[in-house]
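Peer 1: Below are the chains, spelled out letter by letter.
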Amino acid sequence: MKEISELQFAEDVRYAEDHEWVRMEGDTAVVGISDYAQDQLGDIVFVELPAEGDTFAQKDEFGTVESVKAVSELYMPIGGEILAVNENLEEHPELVNSAPYTDGWLIKVKPSDPAQYEALMDRDTYLEMLKGLQE
Amino acid sequence: MAAVAKPPRQCLFVTPGCLEYRRALALQRRIVDARWHGQLDRDVLLLLEHPAVFTLGRRGGRDNLGVSRDFLDQRGIAVVHVERGGDITYHGPGQIVGYPIITLRGSPLSVTDYVTALEEIMIRTAADFGVAAARDPRNRGVWVENCKLGSIGISIRRGISFHGFAFNVNTDLAPFGWINPCGLRGVGATSLERELGAPVCLEAAFDAVSVHLRQVLRMELAPTGIRELEERLQDRHDHL
Numbered sequence: 026m027k028e029i030s031e032l033q034f035a036e037d038v039r040y041a042e043d044h045e046w047v048r049m050e051g052d053t054a055v056v057g058i059s060d061y062a063q064d065q066l067g068d069i070v071f072v073e074l075p076a077e078g079d080t081f082a083q084k085d086e087f088g089t090v091e092s093v094k095a096v097s098e099l100y101m102p103i104g105g106e107i108l109a110v111n112e113n114l115e116e117h118p119e120l121v122n123s124a125p126y127t128d129g130w131l132i133k134v135k136p137s138d139p140a141q142y143e144a145l146m147d148r149d150t151y152l153e154m155l156k157g158l159q160e
Numbered sequence: 263m264a265a266v267a268k269p270p271r272q273c274l275f276v277t278p279g280c281l282e283y284r285r286a287l288a289l290q291r292r293i294v295d296a297r298w299h300g301q302l303d304r305d306v307l308l309l310l311e312h313p314a315v316f317t318l319g320r321r322g323g324r325d326n327l328g329v330s331r332d333f334l335d336q337r338g339i340a341v342v343h344v345e346r347g348g349d350i351t352y353h354g355p356g357q358i359v360g361y362p363i364i365t366l367r368g369s370p371l372s373v374t375d376y377v378t379a380l381e382e383i384m385i386r387t388a389a390d391f392g393v394a395a396a397r398d399p400r401n402r403g404v405w406v407e408n409c410k411l412g413s414i415g416i417s418i419r420r421g422i423s424f425h426g427f428a429f430n431v432n433t434d435l436a437p438f439g440w441i442n443p444c445g446l447r448g449v450g451a452t453s454l455e456r457e458l459g460a461p462v463c464l465e466a467a468f469d470a471v472s473v474h475l476r477q478v479l480r481m482e483l484a485p486t487g488i489r490e491l492e493e494r495l496q497d498r499h500d501h502l
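So the protein lines, in turn, are chains V and F.
For what it's worth, the numbering used here labels the leading residue of the first sequence as 26, then goes sequentially.
For what it's worth, the numbering used here labels the leading residue of the second sequence as 263, then goes sequentially.
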């Protein structure tokens, strides 16, 4: 496990308590997990994602990531309809480890309530939360 | 491992003896739920045995099961799909199964640290009996050469880990021959008893596992009856 100072935290996303991030691209919310989360989980060997068209509320479980011997649930940082899932992860789940904010994205969502995005943490607030966890 | 300065985890310690797999699974899920909703204010450690059963992890397929359904039905052995990581495994009498239902959120213990800690508990227990077990970084669990002595499979829901580990003390190893354990080919299973070539007292192994769980996971264990635990969980259902 790395020190927080060794991890990357994208500036152009907002973060949820469960370590998912959201990046707004026009009206579409792109969702992934943070560098901290992937480091905690270890090598990811499988990602299970929902179907396009499924709708979830904020904090609903939308899928799982399996790292070695451990299955962890993923939660919607923002409610809405699934517009797309990252199909590359089927063959290359390790992208979630190697490029958590870019090629390792998980889902694209049409937000049901854009205010939920505004209420998520910015980079500095998220970093403060992580430092609190480590104490 | 980190967490040196933290106070130990307060943990209800429940040892129901031999508990049917699906009943234990339902109990685990209820504990996770109660823990998440704050109705249960501490972690729980279930330490038990299961009657014979095969379980398949989230991605496990029946292709690693080498015998027919009829064959298993005749022996009264069920096959259960579960949400844990890992592939197929066998549980049965003579195997110690540990389900620490603990919050990882807010703890400096990462998932990988936690899997390593579960291995450590089994390695130390084996050492107590004079058996040198080891890790294999490519295939988690504990091994004596290429035979598996202990397995791991966990699931994390809302920051709470459940499922756990299974350690063969004097288990009948024949059912492992009907599967590719953990989906691996060319490996076998072993037990403390097989490695020592002499009978091993299950209770002594049980005590050793408890000691190492307490030390490695820094737990303070409060023995609690299963009825008492179920009553605490029942209270919640009345309020729903």
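No lab work stands behind these hints, which were simulated from the structure alone.
Please read all numbers here as calculations on a predicted model, not as lab measurements.
A portion of the hints provided could be inaccurate.
Claimed, not checked - Straight-line distance between alpha carbons at most 25 Å, and here's what the computed DSS-like set of lysine-lysine pairs gives:
1. V:Lys84 / V:Lys156
2. V:Lys133 / V:Lys27
3. V:Lys84 / V:Lys133
4. V:Lys27 / F:Lys268
5. V:Lys156 / F:Lys268
6. V:Lys135 / V:Lys84
Peer 1: Hints numbered earlier in the text: which of these fail when held up against the supplied structure?
Peer 2: Violated hint: only 2; rest satisfied.
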